[in-house]
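**Student:** Please take these sequences and the hints and turn them into a complete structure.
Each chain is listed here by its residues.
Protein chains: 2
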Amino acid sequence: MLPLTSPLEMQFPPVVRFGDGTIKTLKDWVVQKGYKAPFVVADAANAQRLDLLGLDTFTCFSDVVPEPDIPNLKQAVAAAEGCDVVIGFGGGSAMDLAKLVAVLVSQDCVFEDISGPHRALPRKVGLAQLPTTAGTGSEVGTRALVTDPATLSKVATESVHMLADLAIIDPALTMTVPSRVTAATGVDAMAHCVEAFTSKRSHPIIDNYAMMGIELVGRYLKRAVDDGSDAEARTGLALAAFYGGVCLGPVNTTSGHAVSYPLGTRHKLAHGVANALIFPHTLAANAAVVPEKTAKVCHALGFEGGSNEAVLAGARAFCESLGLDMHLSAHGIPESDLAEMAKEAHAIRRLLDWNPVDLSVDDIEAIYRAAY
Amino acid sequence: MLPLTSPLEMQFPPVVRFGDGTIKTLKDWVVQKGYKAPFVVADAANAQRLDLLGLDTFTCFSDVVPEPDIPNLKQAVAAAEGCDVVIGFGGGSAMDLAKLVAVLVSQDCVFEDISGPHRALPRKVGLAQLPTTAGTGSEVGTRALVTDPATLSKVATESVHMLADLAIIDPALTMTVPSRVTAATGVDAMAHCVEAFTSKRSHPIIDNYAMMGIELVGRYLKRAVDDGSDAEARTGLALAAFYGGVCLGPVNTTSGHAVSYPLGTRHKLAHGVANALIFPHTLAANAAVVPEKTAKVCHALGFEGGSNEAVLAGARAFCESLGLDMHLSAHGIPESDLAEMAKEAHAIRRLLDWNPVDLSVDDIEAIYRAAY
Chain A
1 MLPLTSPLEM QFPPVVRFGD GTIKTLKDWV VQKGYKAPFV VADAANAQRL DLLGLDTFTC
61 FSDVVPEPDI PNLKQAVAAA EGCDVVIGFG GGSAMDLAKL VAVLVSQDCV FEDISGPHRA
121 LPRKVGLAQL PTTAGTGSEV GTRALVTDPA TLSKVATESV HMLADLAIID PALTMTVPSR
181 VTAATGVDAM AHCVEAFTSK RSHPIIDNYA MMGIELVGRY LKRAVDDGSD AEARTGLALA
241 AFYGGVCLGP VNTTSGHAVS YPLGTRHKLA HGVANALIFP HTLAANAAVV PEKTAKVCHA
301 LGFEGGSNEA VLAGARAFCE SLGLDMHLSA HGIPESDLAE MAKEAHAIRR LLDWNPVDLS
361 VDDIEAIYRA AY
Chain B
1 MLPLTSPLEM QFPPVVRFGD GTIKTLKDWV VQKGYKAPFV VADAANAQRL DLLGLDTFTC
61 FSDVVPEPDI PNLKQAVAAA EGCDVVIGFG GGSAMDLAKL VAVLVSQDCV FEDISGPHRA
121 LPRKVGLAQL PTTAGTGSEV GTRALVTDPA TLSKVATESV HMLADLAIID PALTMTVPSR
181 VTAATGVDAM AHCVEAFTSK RSHPIIDNYA MMGIELVGRY LKRAVDDGSD AEARTGLALA
241 AFYGGVCLGP VNTTSGHAVS YPLGTRHKLA HGVANALIFP HTLAANAAVV PEKTAKVCHA
301 LGFEGGSNEA VLAGARAFCE SLGLDMHLSA HGIPESDLAE MAKEAHAIRR LLDWNPVDLS
361 VDDIEAIYRA AY
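Those protein sequence lines, which keep their order, are chains A and B. Using our numbering, the first residue of the first sequence is number 1, and each one after it goes up by one. Using our numbering, the first residue of the second sequence is number 1, and each one after it goes up by one.
Be aware that a few hints might be false.
Intra- or inter-copy, both count: the list cannot distinguish identical chains.
[Said to hold, decoys possible] Below 27 Å or equal to it, Euclidean Cα-Cα: the simulated BS3-like pairs (lysine-lysine) are: (1) 154 - 296; (2) 343 - 268; (3) 24 - 200; (4) 36 - 124.
Just so you know, these hints were derived from the structure itself, not from any lab.
**Tutor:** In structure tokens:
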């Protein structure tokens, strides 16, 4: 694990409650903190089960769109006026919007004033996050992504003020997630761990979280996909997603996420599906430069690596075993768009600069074509 | 690691900075937060190097006594009047006092109003913790211990409001810790991990932290004792102490700490030395009931366990290899006090109730006699 190469800043919600039934503790927290006007940010599916929150009074913004964009955020901020605590209840889209709403509501500024790194002002309201998928790990982190409709690119905002006061990770909330979404979100959690683990700025302390997360996905993802009522598997995946979120803070993702972003921003593929489609290709592309770490990843996921071809085949088979169709063409991506997507992905330097291998625009286009 | 047996609440300082040189970031944090009147709680040794904090203006309470008692705390609270941020700078004694000062200053209450679990009110001031030993892990936690001079017992206070806003764990601060203190504090960190790992309320998520901490102590403690300038070893131990602190929150210690407390409260032995003297005996006493976990502990510390006798001998040899005299008699404990100490230790139910083996007063007295 050591020697430790560089200083590390870790950010955690000060209170993390993990385990079945922990959602029942939300109300007490709200009462103890003296909050009177909770504002819930929920996606459409979770808006159907707001009673689980156990709150007596609250308002809810349930118009969260997948891969939310700036107009969607502005609607949510407007709806939040007058609240004293924001509660994210959903997957990454709902929780990312909740973070941004929390730093924007009752402030004399708009999104454009705070986007990017470290520009948000201290929050005037509380923030609690309750993930309902085991994927993004957004409940742990200080980053939120929204799409700019003008450029179709994802705008990353980061601030310690977007860190939740409380994260409640209740795996029981994920029991009803459909098999396909379970697969996609689980791959997303795994990708956070793998990309941080193989990043040029990987850190030994974070590597521990990464490997724990990858091992949990290797052990439990197929089980949860095959049987959504497998409570042990759901719990393992919720923990893996949390660990993935820990990896995102100080290290973050690299090429896997960068190359998959245009699938979401341009073609509205779900974030996890997009990651799964790209993951085998970037894992293989990096394998020669980080062979030991790649071998550990492959082993934890249940296949043996080795050559680039073996890594690619093994990772693809892993994803296919989860029921994912691993062809871009099957997901409505027009072949004519691949060159433009490659340019767009290549421009995401905040991620690609940390990839162990330098990928050119042509390399990225070749990945899209190989995945097509 | 799984199945997970029960819900878990973890508490972390929202921002943890780890690594050599991170102390230099304190000043920026104070400025960014807008604090104007920092109050530093430092023990006598660290009061000699307050310049390392890089602060322009501050006041300092440097009369922290080892194993601080309630009058010592009240002096510190009085001195803190008017501050807007409390900074603990030292070992567990300084950091524990800093926690209590932070929840008592500018409040309309005294220690007796908040002692025990979950009675403190939200802090009116900020709190940062900077450990200068690799031992207590107090920088992570929500508990503080002070001795009641009337009863000679340790009063544990616990509150989420005693959680620091910022922990800066700079291993360079530990480079000057003398060999004997390095040994004792390292054993303390290890004991936190071992006792949480073997506790009746151990938790799989916390077990990971425990084993990482024990392995680090096994790899690095003797190195740091033998050569205090070994930066890698110092870094490893600082991380082990942090992990030990993580174990304390949701799980906490058991018999090792309970049985060692009277050595500190009645006879002013340093906390780590007291722990080391008792550790082999409680590890051995529990071995038959938690054999697999005990075997992992022994292996990580570099010896093989097995029978109670083998565990005792191995753990004692481990401590002796660190230069610790493992006889109570060598530390000024009067033999005539052992029976009274055993009664006192046995009364610490908040810890002993979680020990895997039920230890009677006679069992505890037998431990003292064996260690004498």
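**Student:** Now, for every hint given, state plainly whether the structure supports it.
**Tutor:** Each hint, compared with the structure:
1. 154 - 296: neither (31 Å within a copy, 46 Å between copies)
2. 343 - 268: within (18 Å within a copy, 68 Å between copies)
3. 24 - 200: So residue 24 and residue 200 pass the 27 Å test across copies only (25 Å; inside, 41 Å).
4. 36 - 124: Both: 14 Å inside a copy, 21 Å across copies.
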